[in-house]
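Let the hints inform the model, and build the full structure from the sequences given.
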Amino acid sequence: MTMDMSRYLGLFLTEASEHLEGLGRDLVQLEREGAPAVVDSMFRHAHSVKGMASSMGFESIAVVAHRVEDLVDAIRQDPAKLERSLVDLLLSATDVMLAQVRAVSESKPPDDASSLLGQLAEKVSAVTGRTPGATRVINQAKASPPAAPAPVTAAARVSPQAVEAPPPPASEPAAEARVAAVVPPSEEGAAKTAKRWAVRLRIAPTCQTPGVRAFLVHKRLTGLGTLHGLQPPLEDLKAGRIPEGNIQVELETAEGEEAIRKALRNVAEVELVSLKPAVVAPPPAPVPAASGLVPAEAPRASNSADATARTVRVRTELLDYFLDTVGELLLATARLRELGKVLPENSRPPIEEGVYRLHTLVKDLHDKVMSARMTPLSLITDRLPRAARDIARRREREVDLVITGAEIELDRAILDELADPLLHLLRNCIDHGLESPEDRVAAGKGARGRVLVSVRRARDRVVVEMEDDGRGMNAAKLKTAAVARGALSAEAAARMTDREAFMLACLPGVSTAQDVSEISGRGVGMDAVKRVVENVGGTLEIESELGRGTRFTLRLPLTVAVVHLLLVAVGDEVFGLPIAKVVGAMEADSERLDRSREMPLLPHGQGLLPVYGLDELTGVQAPPRKGVRPFVVMEGDAGRVALAVDGLVGQEEAVLKPLSRPLDLLPGLSGVTILGSGRPVFILDVPRLLSA
Amino acid sequence: MRHVIFRVEKERYGLPLAAVKEVVVPPERFTRVPRAPAAVTGVMNLRGRVVTVVELRQLLGLPDGPTPSGRVVLLERGRRDLGLLVTDVDGIEAVERVSAAPGKAVPAVRGVARLKGVAVTVLDPEGLDSAVVGLFTAAQQK
Chain A
1 MTMDMSRYLG
11 LFLTEASEHL
21 EGLGRDLVQL
31 EREGAPAVVD
41 SMFRHAHSVK
51 GMASSMGFES
61 IAVVAHRVED
71 LVDAIRQDPA
81 KLERSLVDLL
91 LSATDVMLAQ
101 VRAVSESKPP
111 DDASSLLGQL
121 AEKVSAVTGR
131 TPGATRVINQ
141 AKASPPAAPA
151 PVTAAARVSP
161 QAVEAPPPPA
171 SEPAAEARVA
181 AVVPPSEEGA
191 AKTAKRWAVR
201 LRIAPTCQTP
211 GVRAFLVHKR
221 LTGLGTLHGL
231 QPPLEDLKAG
241 RIPEGNIQVE
251 LETAEGEEAI
261 RKALRNVAEV
271 ELVSLKPAVV
281 APPPAPVPAA
291 SGLVPAEAPR
301 ASNSADATAR
311 TVRVRTELLD
321 YFLDTVGELL
331 LATARLRELG
341 KVLPENSRPP
351 IEEGVYRLHT
361 LVKDLHDKVM
371 SARMTPLSLI
381 TDRLPRAARD
391 IARRREREVD
401 LVITGAEIEL
411 DRAILDELAD
421 PLLHLLRNCI
431 DHGLESPEDR
441 VAAGKGARGR
451 VLVSVRRARD
461 RVVVEMEDDG
471 RGMNAAKLKT
481 AAVARGALSA
491 EAAARMTDRE
501 AFMLACLPGV
511 STAQDVSEIS
521 GRGVGMDAVK
531 RVVENVGGTL
541 EIESELGRGT
551 RFTLRLPLTV
561 AVVHLLLVAV
571 GDEVFGLPIA
581 KVVGAMEADS
591 ERLDRSREMP
601 LLPHGQGLLP
611 VYGLDELTGV
621 QAPPRKGVRP
631 FVVMEGDAGR
641 VALAVDGLVG
651 QEEAVLKPLS
661 RPLDLLPGLS
671 GVTILGSGRP
681 VFILDVPRLL
691 SA
Chain B
1 MRHVIFRVEK
11 ERYGLPLAAV
21 KEVVVPPERF
31 TRVPRAPAAV
41 TGVMNLRGRV
51 VTVVELRQLL
61 GLPDGPTPSG
71 RVVLLERGRR
81 DLGLLVTDVD
91 GIEAVERVSA
101 APGKAVPAVR
111 GVARLKGVAV
121 TVLDPEGLDS
131 AVVGLFTAAQ
141 QK
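From first to last, the protein sequence lines stand for chains A and B. The numbering of the first sequence is full-length UniProt numbering, which starts it at 1 and goes up by one. The numbering of the second sequence is full-length UniProt numbering, which starts it at 1 and goes up by one.
Treat the hints with caution; some may be incorrect.
[To be verified] In the EDC-like style, the derived pairs of lysine to aspartate or glutamate whose C-alpha atoms are separated by at most 20 angstroms in a straight line are:
1. B:Lys21 with A:Glu317
2. A:Lys108 with B:Glu126
3. B:Lys21 with A:Asp324
4. B:Lys21 with A:Asp320
Hints in this document: simulated from the structure, not taken from any laboratory.
Set out below in structure tokens:
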């Protein structure tokens, strides 16, 4: 890298990944609908990536982007050239570029893409009938701003019409305008009015007297006009304090480009890195990613001017921090109020008034923080079409994926957890649910299967449904599989309703898929889906009808789960059990319980429940207890269980906090919460405690 | 480089200043972590965040034994909330020359240095981090 690019790396990663994800989405949409408008958007995405990559000096990415651009252009010329294999190739090119972008942003060398480049080149010649020329985009990188159409050699462009066909400026994403000025100098004409130029200079690292050189440059430039925003400041320049030799300044002058270049030409050991017309409006320097805030860009779809710069990007860590801090503020306010109560009567009112005011403010802040954390589901559903296509392609299925209500918002923390479960459900629908086109036709259905993802608000919950019109689930087979695995007795299976039986698919290791594909059917996954949904405070339901299809329903809380807990004591420790899973509590004399193969059994209703000591399950030491003690009856994965505890502490509504490293490595914990007393309490995932 | 110097019983240790978020007084009691490895003292509430506190002794492969706990050194490890239970914190000192540590090489130890005539074991934050993760993963597989 010629310049100190590291500070732009974060921005590059975000923007390039967004363009690439956009490209992937467009490709899937194009293949499905053949809408020509999408082609323009694809071209823009590829083009932007190429520009950014080459200005950052990542030639290998730029070259791939360039080829992609060639191919998209070919489709633009002749939509008839669009075919599956071409889309496949473009999608894999997109993936490769994404991987490369991630690699370079971690300062690793990008993966070798030579085989992909070969394929791309082959495809270019196949669709255009020409040999793609050697692409050398890097040469222009230093001088050309990312947004400007990267100049290319005539041979590199495959179609003559495209040579000067950059995307129309009106639809140019706003982001690019920020990175650099977009207007090519030539178009600016020779107007002799004062204009601003962004000048970047670099003093050779070998230079012995950088201060002198820098001062010289400064003098030359002031001779031309006024300087603004000199970086580093003049004192530092004179003292030779120039980080990596980079100097930036905006020059306001009536002189033209050539005059500026000329003035700087014969200063030895100083290189003119770039000279561009500056954007007059707010300085375009991107905020370093480390500060946490990155200027946002106008939504790409609507490019209306009023939509620009109204939003900012915030790192999710920062949002989490806000929530933690606001929660702590609420707690601190409550403590203040308690303290106020012991004051003498006459001095109380002003304190109480102050605390009341504080409480209102903090509460308001809390609401705002919560709403800032709300994120539309599209953040995760946008990835589904591409995934659907890939899965369907691999399994030779035909599928239409319809997504509705993706604009509905959920707390960011829940959304982050949901990405994998939704993907897994989708796999399940396409892989297990949908039949092959032949089977579908034979069953009197259309050859193309349909997966519908619908999101809606239902009071304080968000309901996400995913349904397919495939073969449906076979309750009998699920029961057989569960019995075979020993997870269920034959009698219990016989009593089970179909609806209960479908939930057996969520037991680890139970799957009715005849073949175990790499995609799903290994019986892992559905249990994870259920676990994640329950851990964020939601529920999962499965409905299915043989031959008609299956529907998964996720009911989720809007915001970070407030869970209702039953607090139990084990020795000195307190643990939380989700009340949703608690059937009841009872007392019994543990020494007088009947045993079967050493497992104590607690009579409950008509049957006997296996008894587990919560001290043993959690590994917490508790003094041995004799006589009558409390037991908590809970739903386990394979029926009810009784947990022996030392005491029932009470019920509490608690805000669930996700487990941070390294706690998330432990089995059997579904989260942690902080009680009103300030004491952290773990929430137990009893089924996992039992199985792990 | 400036290091935070602290003691575990009589031995002195150093961690780069940049790797330390803050030093706090441990709570009266820690919340025990179910199924956690023995080296984990427990978790504590630090201004609304749940911080896992680990005993340094066992991370370094020293024989078990309770650490007389005087301070918790919180590590600056991104989203991880991790603290080390130590006997006391001495201060911040510049540590220049680090030579190889004697004995078995462990990833958590970068080397030893001499500071005002006494030996200081210089720790490696990355190594500590992976030692903790290793501890937890091993406990899970047991």
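Here is how each hint holds up against the structure:
For the proposed pair Lys21 (chain B) and Glu317 (chain A), the alpha carbon gap of about 16 angstroms is at most 20 angstroms, so the pair holds. For the given pair, Lys108 (chain A) sits about 19 angstroms from Glu126 (chain B) by alpha-carbon distance, which is consistent with the 20 angstroms threshold. Between Lys21 (chain B) and Asp324 (chain A) the CA atoms are separated by roughly 17 angstroms; this keeps the pair inside 20 angstroms, and the hint holds. With a CA separation close to 18 angstroms, the supplied pair Lys21 (chain B) and Asp320 (chain A) stays within the 20 angstroms bound.
Of the numbered hints stated above, none is contradicted by the structure.
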